[in-house]
Amino acid sequence: MSSIFLELREGLAIAWRAIKTNKIRATLTMLGIFIGVTAVVLMSTAIKGIDNSLQQGVSSLGSDVLYIDKWAWFSNEEWWRMRNRRNIEMEDYIKFKDLAKLPLAVAPVSNSVQTIKYGDRKVETVFLSGSNADYVKTTNFDFAAGRFYSEIESDGSRNVAVIGSEISSKLFPRGDALDKTIKIGPVNYKVVGVLAEQGSTLLGAFNPDNQVFVPLGTVFKNFASRHMRSITINVRAASPEMLEATKDEAEGIMRKVRGLAHNEPNDFSINQQKGLTSFLDSITIVIKIAGLFITGLSLFVGAVGIMNIMFVSVKERTREIGLRKAIGAKRRTILAQFLLESSVICLIGGLIGLIAAILLSLMLNQFFPTSVQYDVVILAIVISLLTGIISGLAPAYTAAKLDPVDALRYE
Amino acid sequence: MNIINIEHIAKIYQVGMEQVHALRDVSLKINKNEYVAIMGPSGSGKSTLMNMLGCLDTPTSGVYDFKGVSVSEMTDNELARIRNKEIGFVFQTFNLLARSDAVHNVELPLIYAGIPSAERKERARQALIDVGLGDRMHHKPNELSGGQRQRVAIARALVTKPAIILADEPTGNLDSKTGEEIMALFNEIHQKGNTIILVTHEEYIAEHAMRILRLKDGLIEKDEVVEKRFIPKSKEAVE
Chain E
1 MSSIFLELRE
11 GLAIAWRAIK
21 TNKIRATLTM
31 LGIFIGVTAV
41 VLMSTAIKGI
51 DNSLQQGVSS
61 LGSDVLYIDK
71 WAWFSNEEWW
81 RMRNRRNIEM
91 EDYIKFKDLA
101 KLPLAVAPVS
111 NSVQTIKYGD
121 RKVETVFLSG
131 SNADYVKTTN
141 FDFAAGRFYS
151 EIESDGSRNV
161 AVIGSEISSK
171 LFPRGDALDK
181 TIKIGPVNYK
191 VVGVLAEQGS
201 TLLGAFNPDN
211 QVFVPLGTVF
221 KNFASRHMRS
231 ITINVRAASP
241 EMLEATKDEA
251 EGIMRKVRGL
261 AHNEPNDFSI
271 NQQKGLTSFL
281 DSITIVIKIA
291 GLFITGLSLF
301 VGAVGIMNIM
311 FVSVKERTRE
321 IGLRKAIGAK
331 RRTILAQFLL
341 ESSVICLIGG
351 LIGLIAAILL
361 SLMLNQFFPT
371 SVQYDVVILA
381 IVISLLTGII
391 SGLAPAYTAA
401 KLDPVDALRY
411 E
Chain G
412 MNIINIEHIA
422 KIYQVGMEQV
432 HALRDVSLKI
442 NKNEYVAIMG
452 PSGSGKSTLM
462 NMLGCLDTPT
472 SGVYDFKGVS
482 VSEMTDNELA
492 RIRNKEIGFV
502 FQTFNLLARS
512 DAVHNVELPL
522 IYAGIPSAER
532 KERARQALID
542 VGLGDRMHHK
552 PNELSGGQRQ
562 RVAIARALVT
572 KPAIILADEP
582 TGNLDSKTGE
592 EIMALFNEIH
602 QKGNTIILVT
612 HEEYIAEHAM
622 RILRLKDGLI
632 EKDEVVEKRF
642 IPKSKEAVE
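These protein sequence lines map, in sequence, to chains E and G.
For the first sequence, position 25 matches number 25 in our numbering, and the numbering has no gaps at all.
Whatever position you read off the second sequence (first residue = 1), add 411 for our numbering.
The set of hints was computed from the structure by calculation and includes no laboratory data.
Heads up, some of the hints might be wrong.
Stated by the list, open to error - Taking lysine-lysine pairs in the DSSO-like style, the calculated list, with each CA pair at most 27 angstroms apart, reads:
1. G:LYS627 - G:LYS443
2. E:LYS20 - G:LYS551
3. E:LYS23 - G:LYS551
4. E:LYS288 - E:LYS274
5. G:LYS496 - E:LYS401
6. G:LYS551 - G:LYS588
7. E:LYS101 - E:LYS256
8. E:LYS23 - G:LYS532
9. G:LYS532 - E:LYS20
10. G:LYS551 - E:LYS315
11. E:LYS101 - E:LYS137
This one's a predicted model, so the numbers in the text were calculated from it and none came from an experiment.
All chains, full assembly: derive it from the sequences and hints.
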């Protein structure tokens with residue numbers, strides 16, 4: 001045991017000596033590994049960041065919420081079939097709400113896209129959600145200021161609005177949005193609430209941070225002609241465990257409300273976050289594979305560089321190997337010497353690459369979600385060690401099996 | 412007691428389609444504290460014999476016992492071990508590690524013997540003092556003269572206290588005066604009780620030994636005792 005340790009220590013000392021005596025060459029070789037490891041680590045932190053950010057965004061939709069809609073979010077059905085479905089109207093919502101027993105909350109939602117203005121500032125293509133006071137119960141909203149609009153306000157179709165955090169910071173950089181009057185399209189609305197930051201930038205317009213919430217009646221009154229009063233019914237289950245039961249119940253009630261015969265297909269869709277998650281997963285997996293493939297390629301190029309250098313190094317030191325063997329180095333000692341040399345080169349390159357990647361990802365974090373994880377550190381170390389061992393193996397083996405007589409005679 | 416006992420060894424190399432008989436049938440015994448020179452023209456098989464004696468190579472047939480242990484049947488690792496512990500090599504071209512200082516070069520065999528660092532350094536220093544390089548411990552080979560380099564190599568050969576010193580043309584790369592100094596050093600080493608085998612093609616170098624083996628065409632042509640042995644002046648006298 002102790003002799004193996006001793007041999008390892010001596011091997012490391014010899015490897016270190018060899019690296020030190022060939023500084024420029026070792027540095028250039030390290031560069032290859034450095035770039036490879038930086039790329040791989042950076043890519044995996046970026047992927048992690050995208051993942052986290054999407055997950056956050058998706059979870060802001062709520063894992064226990066169903067969205068009953070004319071359109072399916074993800075479906076193989078032809079789009080024109082869905083287009084030909086009847087709209088879901090307020091009457092459907094009222095009947096549904098009366099019959100549904102399981103949901104925690106049910107809210108009608110009508111979305112449209114509007115421009116929001118305050119003074120000279122404006123935000124274009126904002127998702128405007130019209131609903132009633134129950135809507136907030138279908139979400140997990142936190143408020144930075146104010147409150148959600150009340151039942152009285154929504155029943156009376158008052159021009160009051162709750163704005164997302166992004167909208168707030170764009171229109172009111174000083175954070176004094178509450179009680180100000182904003183213009184949605186041509187209509188004045190009073191801000192009664194500002195949401196705390198909810199989701200992630202990657203969801204874009206679907207992120208509550210970029211939305212404005214107003215009473216449904218005002219949407220019908222002010223913007224109705226443009227979307228023909230079709231609504232979505234948001235249904236929140238009592239708990240995530242109750243989601244399936246709530247979904248079954250909702251389907252039955254909707255069929256009844258819509259007056260469907262038992263042989264007719266649904267003329268509505270019940271969407272849920274799960275569908276979105278799996279859709280997003282299918283996108284991110286492509287990004288992951290492509291990203292890791294490309295960065296893996298740069299690591300591979302680095303590894304080929306190391307192998308090349310190690311072969312040159314073995315060739316160049318043929319006589320030295322012969323001498324070492326003549327004075328008692330065993331095959332495995334020579335093998336270990338060269339493996340250690342390539343591993344040390346890779347490890348140093350990898351560690352520098354890791355540091356560079358962490359610094360870079362901290363910088364990139366300002367534009368793009370990244371996330372440095374501890375497992376990435378381990379990944380980088382393992383990758384660089386493995387690269388060192390794999391690319392050093394063939395040259396080291398060549399060195400180990402050299403015949404001392406021939407090696408000593410080598411010119 | 413004989414250290415080396417060789418009986419009817421042969422070494423055949425396959426070069427392309429041809430078989431080369433480097434050694435045909437060689438038998439010899441070398442005793443402790445002998446000083447043997449091996450001579451012969453190129454192609455006589457003296458290099459092959461030296462490689463065989465140095466356990467760098469194994470014979471195709473025949474018996475080679477080193478201190479009573481059969482070398483012919485040794486594995487690579489056992490050969491490495493015996494080279495490390497029992498044989499001290501001195502080469503014509505010195506074969507020092509160019510970028511390492513004298514101490515590191517000398518301690519190299521001790522590394523492979525698994526000796527701890529402090530003891531290694533101490534023994535390496537002592538060996539350098541023994542060959543008269545006490546003031547050149549941390550010089551690198553390119554900072555040393557040819558004679559000094561060969562002294563480092565001799566210190567490296569001695570540091571493991573081997574059973575035999577195997578010197579292959581040790582003066583071949585040196586001028587005659589320096590060569591003479593090196594031969595004086597060998598004489599000194601021999602007087603301390605070491606066994607030395609010297610390969611050379613120069614008669615006057617061979618005459619430093621007690622016995623000369625003359626090889627020709629893979630056979631021992633003559634095995635003679637040196638009558639008028641050349642005893643060089645000791646190192647102190649030279650200086």
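We went through each hint and held it up to the structure:
1. A distance of roughly 25 angstroms separates the Cα atoms of G:LYS627 and G:LYS443; the hinted pair therefore holds under the 27 angstroms criterion.
2. Only pairs whose Cα atoms come within 27 angstroms are accepted, and E:LYS20 paired with G:LYS551 is accepted, the gap being roughly 15 angstroms.
3. Proposed proximity of E:LYS23 and G:LYS551 is supported: the alpha carbons are some 18 angstroms apart, at most 27 angstroms.
4. Between E:LYS288 and E:LYS274 the alpha-carbon distance is near 20 angstroms, which keeps this suggested pair within the 27 angstroms criterion.
5. Distance check on the hinted pair: G:LYS496 and E:LYS401 sit about 21 angstroms apart at the alpha-carbon level, within 27 angstroms; holds.
6. With a C-alpha separation of about 23 angstroms, the suggested pairing of G:LYS551 with G:LYS588 holds against the 27 angstroms cut-off.
7. Taken as a hint, the E:LYS101 and E:LYS256 pair is honoured in the structure, with Cα atoms around 15 angstroms apart against an allowance of 27 angstroms.
8. Our distance criterion of 27 angstroms between C-alpha atoms is met by E:LYS23 and G:LYS532, whose separation comes to about 26 angstroms.
9. Of the supplied pair hints, the one linking G:LYS532 and E:LYS20 holds, its CA atoms being roughly 21 angstroms apart against a limit of 27 angstroms.
10. Note on G:LYS551 and E:LYS315: the hinted pairing holds, with a Cα-Cα distance of about 23 angstroms set against a maximum of 27 angstroms.
11. Among the hinted pairs, E:LYS101 with E:LYS137 is consistent with the structure: their alpha-carbon atoms are about 16 angstroms apart, no more than 27 angstroms.
Violated hints are absent here; each numbered hint is respected by the structure.
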